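Number of protein chains: 4
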Amino acid sequence: MAADGKLKYPIIAVNEAETKHFFDNRYGTGQSTLDGITRATNILWAGRRVVVGGYGWCGRGVASRARGLGAQVIVTEVNPVRALEAVMDGFQVMTGIEAAQQGEVFITVTGGWHVISADHFAVMRDGAIVANSGHFNVEIDIPALVAASVSRREVRPFVEEFVTADGRRIHLLGEGRLINLAAAEGHPSAVMDMSFANQALSCEYLVKNHSNLASGVHVVPREIDAEVGRLKLETMGIRIDTLSAEQTAYNESWEEGT
Amino acid sequence: MAADGKLKYPIIAVNEAETKHFFDNRYGTGQSTLDGITRATNILWAGRRVVVGGYGWCGRGVASRARGLGAQVIVTEVNPVRALEAVMDGFQVMTGIEAAQQGEVFITVTGGWHVISADHFAVMRDGAIVANSGHFNVEIDIPALVAASVSRREVRPFVEEFVTADGRRIHLLGEGRLINLAAAEGHPSAVMDMSFANQALSCEYLVKNHSNLASGVHVVPREIDAEVGRLKLETMGIRIDTLSAEQTAYNESWEEGT
Amino acid sequence: MAADGKLKYPIIAVNEAETKHFFDNRYGTGQSTLDGITRATNILWAGRRVVVGGYGWCGRGVASRARGLGAQVIVTEVNPVRALEAVMDGFQVMTGIEAAQQGEVFITVTGGWHVISADHFAVMRDGAIVANSGHFNVEIDIPALVAASVSRREVRPFVEEFVTADGRRIHLLGEGRLINLAAAEGHPSAVMDMSFANQALSCEYLVKNHSNLASGVHVVPREIDAEVGRLKLETMGIRIDTLSAEQTAYNESWEEGT
Amino acid sequence: MAADGKLKYPIIAVNEAETKHFFDNRYGTGQSTLDGITRATNILWAGRRVVVGGYGWCGRGVASRARGLGAQVIVTEVNPVRALEAVMDGFQVMTGIEAAQQGEVFITVTGGWHVISADHFAVMRDGAIVANSGHFNVEIDIPALVAASVSRREVRPFVEEFVTADGRRIHLLGEGRLINLAAAEGHPSAVMDMSFANQALSCEYLVKNHSNLASGVHVVPREIDAEVGRLKLETMGIRIDTLSAEQTAYNESWEEGT
Numbered sequence: 001m002a003a004d005g006k007l008k009y010p011i012i013a014v015n016e017a018e019t020k021h022f023f024d025n026r027y028g029t030g031q032s033t034l035d036g037i038t039r040a041t042n043i044l045w046a047g048r049r050v051v052v053g054g055y056g057w058c059g060r061g062v063a064s065r066a067r068g069l070g071a072q073v074i075v076t077e078v079n080p081v082r083a084l085e086a087v088m089d090g091f092q093v094m095t096g097i098e099a100a101q102q103g104e105v106f107i108t109v110t111g112g113w114h115v116i117s118a119d120h121f122a123v124m125r126d127g128a129i130v131a132n133s134g135h136f137n138v139e140i141d142i143p144a145l146v147a148a149s150v151s152r153r154e155v156r157p158f159v160e161e162f163v164t165a166d167g168r169r170i171h172l173l174g175e176g177r178l179i180n181l182a183a184a185e186g187h188p189s190a191v192m193d194m195s196f197a198n199q200a201l202s203c204e205y206l207v208k209n210h211s212n213l214a215s216g217v218h219v220v221p222r223e224i225d226a227e228v229g230r231l232k233l234e235t236m237g238i239r240i241d242t243l244s245a246e247q248t249a250y251n252e253s254w255e256e257g258t
Numbered sequence: 001m002a003a004d005g006k007l008k009y010p011i012i013a014v015n016e017a018e019t020k021h022f023f024d025n026r027y028g029t030g031q032s033t034l035d036g037i038t039r040a041t042n043i044l045w046a047g048r049r050v051v052v053g054g055y056g057w058c059g060r061g062v063a064s065r066a067r068g069l070g071a072q073v074i075v076t077e078v079n080p081v082r083a084l085e086a087v088m089d090g091f092q093v094m095t096g097i098e099a100a101q102q103g104e105v106f107i108t109v110t111g112g113w114h115v116i117s118a119d120h121f122a123v124m125r126d127g128a129i130v131a132n133s134g135h136f137n138v139e140i141d142i143p144a145l146v147a148a149s150v151s152r153r154e155v156r157p158f159v160e161e162f163v164t165a166d167g168r169r170i171h172l173l174g175e176g177r178l179i180n181l182a183a184a185e186g187h188p189s190a191v192m193d194m195s196f197a198n199q200a201l202s203c204e205y206l207v208k209n210h211s212n213l214a215s216g217v218h219v220v221p222r223e224i225d226a227e228v229g230r231l232k233l234e235t236m237g238i239r240i241d242t243l244s245a246e247q248t249a250y251n252e253s254w255e256e257g258t
Numbered sequence: 001m002a003a004d005g006k007l008k009y010p011i012i013a014v015n016e017a018e019t020k021h022f023f024d025n026r027y028g029t030g031q032s033t034l035d036g037i038t039r040a041t042n043i044l045w046a047g048r049r050v051v052v053g054g055y056g057w058c059g060r061g062v063a064s065r066a067r068g069l070g071a072q073v074i075v076t077e078v079n080p081v082r083a084l085e086a087v088m089d090g091f092q093v094m095t096g097i098e099a100a101q102q103g104e105v106f107i108t109v110t111g112g113w114h115v116i117s118a119d120h121f122a123v124m125r126d127g128a129i130v131a132n133s134g135h136f137n138v139e140i141d142i143p144a145l146v147a148a149s150v151s152r153r154e155v156r157p158f159v160e161e162f163v164t165a166d167g168r169r170i171h172l173l174g175e176g177r178l179i180n181l182a183a184a185e186g187h188p189s190a191v192m193d194m195s196f197a198n199q200a201l202s203c204e205y206l207v208k209n210h211s212n213l214a215s216g217v218h219v220v221p222r223e224i225d226a227e228v229g230r231l232k233l234e235t236m237g238i239r240i241d242t243l244s245a246e247q248t249a250y251n252e253s254w255e256e257g258t
Numbered sequence: 001m002a003a004d005g006k007l008k009y010p011i012i013a014v015n016e017a018e019t020k021h022f023f024d025n026r027y028g029t030g031q032s033t034l035d036g037i038t039r040a041t042n043i044l045w046a047g048r049r050v051v052v053g054g055y056g057w058c059g060r061g062v063a064s065r066a067r068g069l070g071a072q073v074i075v076t077e078v079n080p081v082r083a084l085e086a087v088m089d090g091f092q093v094m095t096g097i098e099a100a101q102q103g104e105v106f107i108t109v110t111g112g113w114h115v116i117s118a119d120h121f122a123v124m125r126d127g128a129i130v131a132n133s134g135h136f137n138v139e140i141d142i143p144a145l146v147a148a149s150v151s152r153r154e155v156r157p158f159v160e161e162f163v164t165a166d167g168r169r170i171h172l173l174g175e176g177r178l179i180n181l182a183a184a185e186g187h188p189s190a191v192m193d194m195s196f197a198n199q200a201l202s203c204e205y206l207v208k209n210h211s212n213l214a215s216g217v218h219v220v221p222r223e224i225d226a227e228v229g230r231l232k233l234e235t236m237g238i239r240i241d242t243l244s245a246e247q248t249a250y251n252e253s254w255e256e257g258t
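Residue numbers (my numbering), protein chains in the order written: chain A, 1 to 258; chain B, 1 to 258; chain C, 1 to 258; chain D, 1 to 258.
Take these hints with a grain of salt, some might be off.
[As the list claims (entries may be wrong)] Computed cross-link-like contacts, SDA-like style, restricted to lysine to any residue with a CA-CA straight-line distance of at most 25 Å:
(1) D:Lys6 with A:Gln247
(2) D:Lys8 with A:His114
(3) A:Lys8 with D:Glu252
(4) A:Lys6 with D:Asn251
(5) A:Lys6 with D:Glu252
(6) B:Lys6 with C:Gln247
(7) D:Lys208 with A:Ala245
(8) C:Lys6 with B:Asn251
(9) B:Lys6 with C:Lys208
(10) A:Lys8 with D:Asn251
(11) C:Lys8 with B:Lys8
(12) D:Lys6 with A:Ala249
(13) D:Lys6 with A:Ser253
(14) B:Lys8 with C:Trp254
(15) D:Lys6 with A:Trp254
(16) A:Lys6 with D:Ala245
(17) B:Lys6 with C:Thr248
(18) C:Lys8 with B:Trp254
(19) D:Lys6 with A:Ala245
(20) C:Lys6 with B:Ala249
(21) C:Lys6 with B:Gln199
(22) A:Lys6 with D:Asn42
(23) A:Lys6 with D:Glu246
(24) B:Lys6 with C:Ala245
(25) C:Lys8 with B:Glu252
(26) D:Lys8 with A:Ser253
(27) C:Lys6 with B:Glu252
(28) D:Lys6 with A:Tyr250
(29) A:Lys8 with D:Ser253
(30) D:Lys8 with A:Ala245
[What the hints assert, rightly or not] Across the chosen pairs, the derived CB separations fall in these ranges:
(31) A:Gly186 with D:Asn137: 46 to 56 Å
(32) C:Val207 with B:Ala13: 33 to 43 Å
(33) B:Gly127 with A:Asn15: 51 to 61 Å
(34) D:Asn137 with C:His210: 55 to 65 Å
(35) D:Val155 with B:Asp166: 33 to 43 Å
(36) D:Val155 with A:Ser244: 28 to 38 Å
(37) B:Gly127 with C:Ser244: 36 to 46 Å
(38) C:Val217 with B:Asn209: 52 to 62 Å
(39) D:Ala3 with B:Gly127: 39 to 49 Å
(40) A:Asn15 with C:Thr242: 44 to 54 Å
No lab work stands behind these hints: they were computed from the structure. Here the structure is a predicted model, which means the values were calculated and not measured. Glycine included, every Cβ here is placed at the ideal spot set by N, Cα and C.
Pulled out of the complex, with its shape left as it was, chain A reads as follows (with noise of 0.2 Å):
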């Protein structure tokens, strides 16, 4: 909207705060993905074959918890970069139409639209189970996979079973929406607590300092990031360091060192 010149206030970005989307995004999206998946179809995730759709934070946040649990992990992605990190991480990287031969999970979590789509359909196992935390319904394209299908029902709450005109059974889960929200009771209150800190504390500044602020978008301000970390390490009992003025001049130099 502020590329085409229709956002006509200015607005604070609390997604990209690093005590938002480095916590809520990650450890928030990655246990309650799981989690909403296993309140609707109770499978187990030791040894299943997890395709994750999207390595951003919410992505590894997934990957990481699929893992955890003892998943085999597979990753799909589109960055290079992120490709290269997920397959450091440990994880199998491939094409989405190769993951979707031999998934038996799938998630989506790219923000993006139709990432799992007919092609893919077409070629899934019996038994695939899909479902969508990252965006909105559009993740999945569910109008591919109805006209895909001879029939349609619910087998537990949440879990819609699709049949194939071939026979195969593929599983959606909570209609394509947000499966932590859907199934689960979407993200604790230990993680929100920061992502909530951030648009509070987001609303204080805009209100104390609109008048200076262009329309478009602006960044959480870096002290009120910092404040949320601080804050929270406290009402968790943590304790760390901090510089000496020796260590942050030393920082700050550039004349001394072999």
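With chain A's structure known, arrange chains B, C and D on it following the hints.
Showing chains B, C and D alone in chain A's frame:
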């Protein structure tokens, strides 16, 4: 009972089958215990100090899955060899009384009696969560918790908050009964299938062979155990190798090699 | 030898002691095998496809440590129960011939014969690395590799490059002998201490009790095993609990609990 | 230097390239630091308390690999957000002085000055091992260690044993210089290739564009970074998807979705 001469007929200890306790107790209990606590409390596991009482098959499952979700895991054990394994698996190992002061979530999986008792409750932090996933509801000394408390109320389904005389809140989950059964759906079918197969095939074996079996405890016949494993792999679509005649001969020999 | 009636005196199978094979074979071999291959080749483990042949105690150590360094681990096994454990521990499991086509590094830890043979060499990728950390130098069929090759040269200490007739390079490490001994320093003393303690105490036991011991294979007495574990914990400064009389009584009872 | 107006020509900060610091610093330093310490000391990592000073890209690599080898990892940090990430990644986080009392191995990866100093040496356990893998040999305050000691001798190559006045032995590795270069072979070529590619392509870019570049620090052009990533994946034989025109359009839109 057998040792006391009170066991009057042959039984088969299905829990001792490799395809039972290696899987059901480890991967089943591991996942479903965490699942039960998540559903009861919706806590974030990442960064949480979790104390696992007991490092048998269930304990290793719980410890491994808690770590997989980002927790800092502390193990308590009475068996030195198991304690050492826990250490070398990267967990902190300490006495129960030390752990009681550090932990945020406590999970007993010992099969024993009063693993968490008055001494431990006396030093726990405000907000501690206590759950059992071992055997009976005697692993946690609930009467001691009641005696130490001035109030008791349900704050969420399966979560009772006790307030101690000095004002600390301790949360007991599921009345101290198996939390995976109390608050979740128990083990996934993908791991119970092996346990039930052992039970069914052992029953068949008893019917066919009871006349030749003395009163007492018998193990699951090796062939049943191996057959359950073979069938499970087959249903998962996983193929493995078999030894050639030369390889078997080599394994049984003692004359070759330098 | 015992089965063949060729064993003429009592021996104690020290490798069967819990404080030996749980630790030395798993944590010792796990770390030192990777260490040996790293010193021989200086490869990056992150993202590398590593095939571990065998999922006994050594195999799980190697698989676990390879994953810990960021590798994608494939396990091959002939025992269905162990294969299932590998799957549920999150590893890919497949036949040797499938693994041969995918792997970049191959490590045999089976104690068997010709685990990697002509069929496997025929399909390996250019640049494959083959090492043994199991038992004798017959796990890898070296004569078959020689027969399949048109040239052979040392490219780094402990690294021989074979070039096959179709131009693929296959690297054999340490002449197929135990790579942790060939190219590194073997197991760290912090794990060998337990193995040596078992050996020393078992020798003492044999000297004191040989007149009462039949010819054949005996296990390490339970008390020795437990004492080694106890001493090791003590030297690490780790304290654990002991059972109270009531707890022991409960463990031995069968009348309590619901 | 740029801030001080002392930088008289354009330079490109290659370390800031994603295909440099995400990989070289994390996976390269992570593995090679542990490798260097292993070669210097042959310690067993399983169960060892390892203190990692700093949770930047190098620190997370070291912490991750140490845990992967079975160590209990403690992280120290001065940045609250990074400290929180370390906690949520499952590591213990505490002040340096607390860590100094618990650690068995200390690894500095901060790029800072005197991260381990007299106060820390004063409380370390007998047998502590101290190494640096950050930047210069000033991260460890070696003069302070010398001042606190009554003797100093080499006990293995790259291992100096200092004995303090109260009889504790503290082992300094590689004179406090980068331990992966001192005692091992530095980073594997499979990760340096990306760093060198960035350097080579950035040099070419400087040669071609220097007339248009102001004096000061420039970032690696995005296209170079992405091209290095693309080429690396290709050499590893890994294929990924590309976005369709519709998908790109969706990503750039703000009008769709509910």
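Hints broken by the structure, by number, lowest first? The structure conflicts with hints 2, 7, 9, 11, 21, 22, 30, 33, 35, 37, 38, although it agrees with all the remaining ones.
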